[in-house]
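Residue numbers (the numbering used here), protein chains in the order written: chain A, 1 to 159; chain B, 1001 to 1195.
The set of hints was computed from the structure by calculation and includes no laboratory data.
Possibly wrong hints are sitting among the right ones.
[To be verified] In silico PhoX-like cross-links for lysine-lysine, where the CA-CA straight-line distance does not exceed 20 Å:
(1) B:Lys1133 - B:Lys1172
(2) B:Lys1094 - B:Lys1133
(3) A:Lys29 - A:Lys120
(4) B:Lys1133 - A:Lys76
(5) B:Lys1181 - B:Lys1162
(6) B:Lys1090 - A:Lys76
[To be verified] For the chain A half of the interface with chain B, some residues (derived, Cβ under 8 Å), not all of them:
(7) Glu9
(8) Leu12
(9) Val90
(10) Ile94
(11) Gly96
(12) Leu156
None of these values were measured; they are calculated from a predicted model.
Don't be surprised by glycine CBs; every beta carbon is placed ideally from N, CA and C.
Each chain, letter by letter, is given below.
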Amino acid sequence: MSNQLVMYEEELSQISNICDVLQRDSNAKAVLVIDKNGQAIAQSGEVEQLDVTSLSSLTAGNVAATGGIASLLAEKEFAGQFHEGEKTNVHISIVGARVILLVLFDERSSLGLVRLRVRKAAVELTGVLEVLVKKSESGNQPSVFAEITDDDIDNLFND
Amino acid sequence: MSFINYSSREINCKIVYYGPGLCGKTTNLQYIYNKTNPEAKGKMISLATETDRTLFFDFLPLSLGEIRGFKTRFHLYTVPGQVFYDASRKLILKGVDGVVFVADSQVERSEANIESLDNLQTNLQEQGYDLNKLPYVVQFNKRDLPNAAPLEELNDLLNPTKVPHYEASAIKGVGVFDTLKQVAKLVLTELRKAG
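Only chain A is shown next, with the shape it has when bound in the complex:
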């Protein structure tokens, strides 16, 4: 099970709340929490116009590549990145070594404010992730897979 990230309703709701508060307090356009392997976990703000799936995958690729550069330079990791655009800026940070916090912001905010608010959100997020990891490693939670049969899997491919 260590190769699996499992998300439960309670923790997702806590993570979503952290995103909402961060988005509001930092005047950001949008906030995304992304698994380091590129899966979108939670989002907040103006996300309707965003291709969240692609953004998540590319951000994770970016973080992985930057991590590769870090190890070549004997650094543990580069915990944060900032990309400055004409209209939209991107702040990327790694939280709890496991997820990526992506903040998109424009002239309504500033890098300083985003950094400040991200720091607070990261502490809260780390706490939730620790609980989540313990919970999924405990194996006490019901698994959807216990019920799945060969037929279920085969039926997926009947076209």
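Mind docking chain B on chain A? Use the hints.
Chain B alone, transformed into the frame defined by chain A:
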């Protein structure tokens, strides 16, 4: 690494297409993208050079339907096949749930296939994976070319553990979905074992 979201009732898995340069990894994804209903696929992303060689990865998100009320989503990735992009290949293997090794059937690509397969095993080991324990299928691509080596020879050379293998011509779509279905099935079966 699969991601199971009980809140949104989704299962997300990562499949990586591996193989030597120009073996047809990107072509596999392009064919899948072209033949999949718009509602079942996301945007295909190719981080490629100006000459259309994969620079970092291709990415295609696919929805395969529901199992017991859970949406199954597969994220398909290719690696850059060219030898000098090894650092990038290692990154893309992180969190992999299933692997497709795309071999180039042409006789003269024999050495490149072996080198790439060795590289796959080494890079997986570095990440703590064992190819023998991962959901894994082999695709012998470019079967339509006149200089394709005999299937038996390729299997002996590149598939000693006799995992499921498929003959393909990715550019024409032959064998592409068979390969995908098999690896997806193996991934789901493996998840069931783990769960």
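These are the hints, each one checked on the structure:
1. A hinted pair counts as satisfied when its Cα atoms are at most 20 Å apart, and Lys1133 of chain B with Lys1172 of chain B does not qualify at roughly 31 Å.
2. Using a Cα cut-off of 20 Å, the hinted pair Lys1094 of chain B and Lys1133 of chain B holds, with the two alpha carbons roughly 15 Å apart.
3. About 18 Å separates the Cα atoms of Lys29 of chain A and Lys120 of chain A, which keeps this hinted pair within 20 Å; it holds.
4. Pair hint Lys1133 of chain B plus Lys76 of chain A does not hold up; C-alpha atoms about 29 Å apart against a cutoff of 20 Å.
5. Note on Lys1181 of chain B and Lys1162 of chain B: the hinted pairing holds, with a Cα-Cα distance of about 18 Å set against a maximum of 20 Å.
6. Of the supplied pair hints, the one linking Lys1090 of chain B and Lys76 of chain A holds, its CA atoms being roughly 17 Å apart against a limit of 20 Å.
7. Given the 8 Å rule on beta carbons, the hint for Glu9 of chain A holds: about 4 Å separates it from the nearest Cβ of chain B.
8. Restraint check, Leu12 of chain A versus chain B: the minimum CB separation of about 4 Å is within 8 Å; hint holds.
9. A cut of 8 Å between beta carbons decides the hint on Val90 of chain A: the least distance to chain B is about 17 Å, and the hint is violated.
10. For Ile94 of chain A, the interface hint is violated, the least distance from its beta-carbon to any beta-carbon of chain B being 14 Å, above 8 Å.
11. At a threshold of 8 Å, the smallest CB-CB gap from Gly96 of chain A to chain B is about 15 Å, leaving the interface hint violated.
12. Interface hint status for Leu156 of chain A: upheld, as the beta-carbon distance to the closest one in chain B is roughly 5 Å, under 8 Å.
Checked against the numbered hints listed earlier, the structure breaks hints 1, 4, 9, 10, 11; every other hint is satisfied.
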